[in-house]
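There are 2 protein chains.
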Amino acid sequence: MEKPSLPSGTRDFSPRVMQRRKYITSVMERVFVSHGFGALETPSLENLRTLQGKYGNEGDQLLFKVLNSGDFLSKADPAILAAKDSKGLTPQISDRGLRYDLTVPLARFVVMNRNDIVFPFKRYQMQPVWRADRPQKGRYREFWQCDIDVVGANSVVSEAELVEMYLEVFAALDLGVKIRINHRGILDAFLGVLETVENWNAFMIIIDKADKIGFEGVSKELEEKGLSMALNAWKWLWDSKSVSGNAEKMLLAGGADFLQGDALNKGLGELEKIFGLLGDSTHVVLDFTLARGLSYYTGAVFEVEATDGRLPADFRLGSIGGGGRYDNLTGVFGLKDVSGVGVSFGLDRVYDTMEAAGLFDAMEQAVGGVLVCAMDTSCEVFGAGVARALRAHGFTVEMYPGTPKLKKQLDYANDKKMGFAVIIGNEELQANKVALKNLVSGEQVLGSVEEIAGVIAASI
Amino acid sequence: MEKPSLPSGTRDFSPRVMQRRKYITSVMERVFVSHGFGALETPSLENLRTLQGKYGNEGDQLLFKVLNSGDFLSKADPAILAAKDSKGLTPQISDRGLRYDLTVPLARFVVMNRNDIVFPFKRYQMQPVWRADRPQKGRYREFWQCDIDVVGANSVVSEAELVEMYLEVFAALDLGVKIRINHRGILDAFLGVLETVENWNAFMIIIDKADKIGFEGVSKELEEKGLSMALNAWKWLWDSKSVSGNAEKMLLAGGADFLQGDALNKGLGELEKIFGLLGDSTHVVLDFTLARGLSYYTGAVFEVEATDGRLPADFRLGSIGGGGRYDNLTGVFGLKDVSGVGVSFGLDRVYDTMEAAGLFDAMEQAVGGVLVCAMDTSCEVFGAGVARALRAHGFTVEMYPGTPKLKKQLDYANDKKMGFAVIIGNEELQANKVALKNLVSGEQVLGSVEEIAGVIAASI
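Just so you know, the sequences run in chain order A and B.
Residue numbering for the first sequence follows our numbering, starting at 1 and increasing by one per position.
Residue numbering for the second sequence follows our numbering, starting at 1 and increasing by one per position.
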C-alpha cells in the first residue's frame with residue numbers, strides 16, 4: 001500500500017496551528033469590521049481569460065490550469081498534439097485556472113456587480129491563492145492572502161484609515177511593528193535627474209536593494225549601469241533615511257532643488273494630509289527609498305515590518321504587509337477610472353513572526369477545558385448530564401468516549417492541555433457528587449456539580 | 001473588451017451574504033470548540049493517487065484535475081495523443097486534483113500524522129470541495145462542506161455528543177429541526193427476509209425513495225423488482241414510522257420475529273444507549289426507514305431536516321445534515337481498525353433554509369454603525385479624531401473618504417444600514433462639538449464626543 005503524501009508546496013494545518021491562525025484572523029476581522037469593511041469571497045476557480053494577461057508572462061506560467069472535464073481532447077488540434085506543443089495545447093484543453101491573487105477577482109467582482117455595490121466599496125478578503133512556483137522555505141504553492149481595499153474613492157482619508165487599521169491589528173496582536181510610507185509622486189520627481197523612464201525604472205530596481213547591499217553597493221551598481229548622473233540623488237535619498245522626523249523629511253524634499261514638479265507637490269501634500277489624519281504616528285516612518293509595486297501603485301505606498309524587541313536578533317523575514325493607492329483597478333475589464341487603495345497582510349509571515357517572538361506561548365497554557373471521566377459504563381449517563389450542566393456554564397467540556405483506565409483518560413486531558421478532570425465513579429454516582437481534579441495543581445475536591453462549577457469558574 | 005464572467009457552477013459571496021454565512025459558521029464553531037473539537041484544514045490540491053479509487057467510477061469522473069506545470073506533454077505517449085484518448089492521457093499530464101470531500105483528506109491526515117495525533121481525535125473542518133458535476137439549482141461545482149468527526153474511539157458517547165451538537169447548533173441558530181436516527185444493525189437484520197445481499201441492496205435503494213413515492217410506490221417497485229418476499233417487512237417498516245415513542249419503536253423491533261440476529265441486538269442496544277445519554281430527545285426520532293450511506297456506515301446513522309414553523313408550506317430541500325459511524329476510515333491508506341463517527345452540516349442548505357424562514361431579517365436591521373461625515377476638508381482631521389474616539393467605545397465607525405454633499409454621505413450610511421451619522425461642519429469644529437443624527441428616527445442632537453457616545457450606547 002502506497003504511503004499517502006501531500007503535493008509539494010502544500011500544507012495541512014493541524015488543530016494546534018489552526019487555533020493560532022484563527023486567533024490572528026479573528027483579531028484582523030474584528031478590526032476590519034469595526035471600520036465598516038465587509039467580507040468578500042470569490043471562487044477558487046476563475047475562467048482563464050479572466051486571469052491570463054494580468055500578471056505578466058511569468059505570472060501566466062505560474063497559473064495552475066484545470067483540465068476540462070469529459071473528452072477534453074476531442075477538439076484538440078492533431079498537429080499540435082503531434083508536435084507535443086504543450087503551450088499550444090493548453091488553451092484547447094483548459095478553460096479554467098486557480099485564483100492567483102485576490103486583486104483580479106476583486107476587479108472582476110466590482111465590474112460584474114457595479115450596479116449593486118455601494119461605493120466607496122470597503123471589502124476584506126482572506127482566501128488561499130495558488131502559484132505553480134518552485135516550493136522553497138517560506139514559499140508555498142497554496143498560501144493565504146488577506147487584502148483590504150477601499151474601491152471607488154480617492155480621498156487620503158482612506159490611506160490614513162488603512163494605516164490605523166495596521167496599527168490596531170498589530171497592537172491587538174501585541175506585535176511591535178514599524179510602518180514605512182512613501183508616495184509615488186516623490187519617486188516620480190526623480191525623473192528630471194534620471195532623464196529617461198528607462199533610467200528611472202533601472203534606478204528604482206537598484207535602490208530597492210539598499211537593505212541588502214547598502215549605500216556603497218547601490219552606488220557601485222548605479223555607476224556600472226551608466227546611471228552616475230543619479231549618484232547625488234542617491235546620496236540625498238540615503239541621507240534622508242537618517243533624518244529623524246516625518247515633517248523634517250517633507251521639508252527636506254520640498255527644498256531639494258533637483259526634485260520638482262506637480263508630482264512632488266502632490267506627493268508631499270498627500271503625505272502631509274495622511275500624517276495629519278493619523279492619531280499617533282509614532283510607529284509610522286516616512287521613507288523616500290520605499291519603492292514598492294511601482295508598475296501598479298500611483299499614490300501613497302506602505303510597507304510593514306516587525307520590530308518587536310522579543311524577536312531573535314538574527315530574525316529577518318522581510319515585510320509582513322504592504323500596499324498602496326492605485327488609479328485603475330478595473331481598466332482591464334473595461335471599467336475606467338475606478339481608483340482605490342488597499343493593503344495586505346502576509347498571514348504566513350505574521351504567524352512566523354509571532355511564533356519567533358514567543359507570542360503564542362502564553363495563549364496556549366492550560367487554563368480551561370474540562371474532561372468528564374466516567375469510571376465505568378454505569379456512570380456514563382450521569383457523566384453526560386454533568387458534561388451538559390458544566391457546558392451550560394460556558395466551559396469547554398468533553399466527555400471521554402469510552403471508559404478506559406483513569407490514567408488513559410487523564411493522559412488525554414493533559415495532552416490536550418485541559419485544565420480540569422471531573423471523575424465519576426460509582427461512589428460519586430450514589431452520592432450525586434463528582435470529584436474535580438485540577439490538572440495543573442493536582443488538587444482534588446468533591447462536590448455537587450454546581451459547587452465544582454464554581455471552583456472551575458474561580459480558577460480560570 | 002470581453003465582459004468578465006464566473007465559471008459555471010461557482011459563486012461570488014458578497015459582503016451581505018458573507019455576513020450571514022459567517023454568522024452560521026461562527027455559531028457552529030462556538031459549539032464545536034465548546035465540545036473540544038479542533039479545526040483542521042487540508043490543502044485544496046491533493047495528489048490524484050490519494051483521491052482516485054475512493055469515490056467509485058462516477059466520483060473519479062467528477063474530480064477536477066490540474067494540469068502539470070511546464071512542458072506537460074513531454075512524457076506523453078504519442079500513440080495516446082494520436083488516438084485523442086483523453087482518458088488514457090489524463091494520468092500522463094495530471095498528477096493533482098482538487099479536494100472532492102473532507103473525508104479522504106481526513107483519512108490521509110490521520111495516517112500521515114498518526115504518531116502525533118492525540119486520540120480520540122476530535123476535529124472539525126469547514127472548507128470548499130469541488131466536483132465537475134452538471135450545475136443546477138442548488139448544486140454547485142464549488143461548495144462548502146462542514147464535517148465533525150471523532151476518530152479512534154468506538155463508544156456511543158460520541159454518537160450522543162454529535163446529536164447534542166446538532167441540537168445546540170440549530171437551537172443557537174433558532175431553526176427548528178428534527179433529527180432522525182437509525183442503526184445499520186436494524187437494517188442488516190432484514191437480510192433474513194431479503195435472502196441475498198443483492199436483494200438487500202435493492203430493497204434499501206427502493207425504500208430510500210419512500211419520502212417521494214410513498215407506501216404504494218415502494219410496494220409497487222418491490223414487486224416489479226422481484227422482491228415481493230419483502231412486502232410484509234416493508235409494511236412493518238412503514239407502520240413503524242407512525243409509532244409514537246422511540247422506546248416503543250425499539251420494543252417493536254425487538255418483537256418482530258422476522259428480524260433477528262446479533263446485528264439487531266447490537267443496533268437496538270446502541271440506540272438505547274444513545275437515547276439514554278441524550279439530555280432532551282424531544283426532537284430526535286428513531287426512524288427504521290432511514291437508509292443512509294450504507295456502503296460506508298456501519299453503526300448509527302443520522303439525518304437532520306428542518307421542521308421550522310416559519311418555513312413556507314411548500315418549502316422542501318431535503319436533509320440539512322447527516323452522518324453516522326464507520327468502522328474503517330483509513331483502511332484505504334493501509335491503517336486498519338480506525339473506527340470513527342461523524343456528521344456533516346450542509347452549509348448552503350442551512351443558509352437557504354434560514355433565509356426561507358426569515359431568520360436573517362432581524363439580524364440585519366440597522367442598529368449600530370456610525371458614519372462620520374466631514375462637511376469640508378478643513379473638518380477632516382477633527383473628524384478622524386472623532387471616529388477614533390467613538391471606535392474606542394467599541395462602536396463600528398467609518399469616516400466617509402472625501403467630502404461630497406451631506407446627502408451623498410447619508411445615502412451611503414443608509415445603504416449600508418448604519419444607525420447613526422455624526423456630522424461635523426465648521427460650526428461644530430469651532431465649538432468642539434458634533435451633531436449626531438439617528439438615521440432610523442431622524443432625531444438630531446448636538447454634544448461633545450463623549451456625550452454623543454453615551455447617546456449611541458443608550459440606543460443600541
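These aren't lab readings, by the way, just hints derived from the structure by calculation.
In this text, all values refer to a predicted model and were calculated from it rather than measured experimentally.
A portion of the hints provided could be inaccurate.
Copies of the same chain are indistinguishable here, so a pair counts whether it falls within one copy or spans any two.
[As the list claims (entries may be wrong)] Distance condition first, Cα-Cα at most 16 Å in a straight line; then the derived EDC-like pairs of lysine to aspartate or glutamate:
1. Lys75 / Asp85
2. Lys433 / Asp262
3. Lys273 / Glu142
4. Lys273 / Asp376
5. Lys212 / Glu305
6. Lys84 / Glu248
7. Lys84 / Asp71
8. Lys87 / Asp71
9. Lys416 / Asp116
10. Lys220 / Glu443
11. Lys225 / Asp280
12. Lys235 / Glu223
13. Lys437 / Glu451
List, from low to high, the hint numbers that the structure doesn't satisfy.
Numbers 2, 3, 6, 10 and 11, in rising order.
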